[in-house]
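Asks: Sequence:
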Amino acid sequence: MKKNRLLAKWLNNDLAEEDLAEFKASPDFEKYQKIKNYTEHLEVDDLDENAMLSNILKQKKVTQKVVPLYKKWMFRAAAIFVLALGITFALKFFVPQTQTANFGEKTTFSLPDNSEVVLNSGSEINYKKGNWDNNRHLELKGEAYFRVSKGRRFEVQTSLGKVSVLGTQFNVKARKNRFDVVCYEGRVKVNYGNTQILLTHGQSVSFENGKQTRMRIRSLRPEWMENQICFSKENIRSLLDEVERQYNITIELSAKDTTSLFTGKLPSKNLDVALQIISTTYHLEAKKVSKNKIIFDEK
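If you count the sequence shown from 1, position 28 lands on 28 in this note's numbering, and the numbers rise without skipping.
A portion of the hints provided could be inaccurate.
[Claimed, not checked] Restraint-style ranges between C-beta atoms, simulated for each label pair: (1) Gly193 / Ser279: 52 to 62 Å; (2) Asn102 / Thr281: 19 to 29 Å; (3) Thr98 / Val289: 30 to 40 Å.
[Said to hold, decoys possible] List time: in silico EDC-like cross-link candidates among lysine to aspartate or glutamate, alpha-carbon distance up to 20 Å: (4) Lys150 / Asp113; (5) Lys106 / Glu226; (6) Lys265 / Glu234; (7) Lys233 / Glu208; (8) Lys287 / Asp297; (9) Lys128 / Glu105; (10) Lys129 / Glu139; (11) Lys269 / Glu105; (12) Lys299 / Asp272; (13) Lys291 / Glu105; (14) Lys176 / Glu244; (15) Lys287 / Asp272; (16) Lys269 / Asp297; (17) Lys287 / Asp241; (18) Lys141 / Glu234; (19) Lys233 / Glu244; (20) Lys256 / Glu234; (21) Lys293 / Glu252; (22) Lys106 / Glu208; (23) Lys128 / Asp113; (24) Lys106 / Glu116; (25) Lys293 / Asp241; (26) Lys141 / Glu124; (27) Lys189 / Glu155; (28) Lys291 / Glu244; (29) Lys299 / Glu285; (30) Lys288 / Asp272; (31) Lys256 / Asp297; (32) Lys162 / Glu208.
Simulated from the structure, these hints should not be mistaken for laboratory data.
By construction, the Cβ of each residue, glycine as well, lies at the ideal position given by its N, Cα and C atoms.
Using the sequences provided together with the hints, build the complete structure.
Replies: Laid out in structure tokens, this is it:
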């Protein structure tokens, strides 16, 4: 009760200095302050005082019921909390939710239908919880592995293309101008520009600069989830970009970019080995100029 009275007096700017200090020290003060700031910006229509007076004079006189001041304070506090609950509900279910995986990290989370998502380093997903079961749609920046629960159509939108499924396991990667999709279970429909492709278990497709490449895969899930970075006919700059994401480092390439495309695997938990493989493949020399910066020079 004391807490409610302090809250009511605070809402009416009627707290003594000592009580105000005590109230501000409470763990819920920041939440109350946010609610108060929000409600202070609410507006109501202008009051037509003449019309109100006219209506009062036309009505029969009745005995006025006096409402104690402390009850008014409690009514106001209750109204604010109801409003706060409504705002919290709206933020939770209708404002886009964001999940990220920073450089050098991976993030695993579940969607409202218990579909599982694993985000690779330097990736982001946005989605809305509200009406999710009827609109399973999300936006991906980067790379992610999906294990989708059965239900309505599930869509993954990227800047390069879209993937649609009903319930399956697949991997989507959209980096710069390259778009890769791998199906590990079930079927997925891939849309890239005016091209539409249906992939089944063990199939993959890559698009880069309008060129399409299809391959068969044997792995049961993405290599990056096993701490390996897998490349298929990728240029050295794309390769180095991925190493930067996985190890959260900066890499400079002083040598001229080679036109040779790399197909193979690099470890994502052993930087020295990864640098050695790159150096040997492209005849480069790796120099660690600081803890988080590498320079590749021609030998």
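Asks: Is the Cα-Cα distance between Lys256 and Asp297 20 Å or less?
Replies: holds (9 Å)
Asks: Under the criterion that the straight-line Cα-Cα distance not exceed 20 Å, is the pair Lys293, Asp241 satisfied?
Replies: With a Cα-Cα distance of about 13 Å, the restraint between Lys293 and Asp241 holds, given a limit of 20 Å.
Asks: Check whether the Cα positions of Lys176 and Glu244 lie no farther apart than 20 Å.
Replies: holds (15 Å)
Asks: Does the structure keep Lys233 and Glu208 at a Cα separation of 20 Å or less?
Replies: holds (11 Å)
Asks: Within a Cα-Cα threshold of 20 Å, do Lys150 and Asp113 meet the stated pairing?
Replies: With a Cα-Cα distance of about 9 Å, the restraint between Lys150 and Asp113 holds, given a limit of 20 Å.
Asks: Please work out if Lys141 and Glu234 have their alpha carbons no farther apart than 20 Å.
Replies: Roughly 19 Å separates the two Cα atoms, so the pair holds.
Asks: Checking one constraint from the list: CA of Lys129 to CA of Glu139, max 20 Å. Satisfied?
Replies: Since the Cα atoms of Lys129 and Glu139 sit roughly 13 Å apart, the hinted pair holds (cutoff 20 Å).
Asks: Tell me if the straight-line CA distance from Lys299 to Asp272 falls inside 20 Å.
Replies: holds (18 Å)
Asks: Could you say whether the range 19 to 29 Å given as a hint is met by the Cβ separation of Asn102 and Thr281?
Replies: For Thr281 against Asn102, whose Cβ atoms are near 28 Å apart, the range 19 to 29 Å holds.
Asks: How does the Cβ-Cβ distance of Gly193 and Ser279 compare with 52 to 62 Å: does it lie in that range?
Replies: violated (37 Å)
Asks: 30 to 40 Å was suggested as the range; check whether the CB atoms of Thr98 and Val289 agree with it.
Replies: holds (34 Å)
Asks: Does Lys269 pair with Glu105 here, judged by a C-alpha cut-off of 20 Å?
Replies: With Cα atoms ~11 Å apart, Lys269 and Glu105 stay inside 20 Å; holds.
In terms of the numbered hints stated before, the structure departs from hints 1, 9, 16, 22, listed from lowest to highest.
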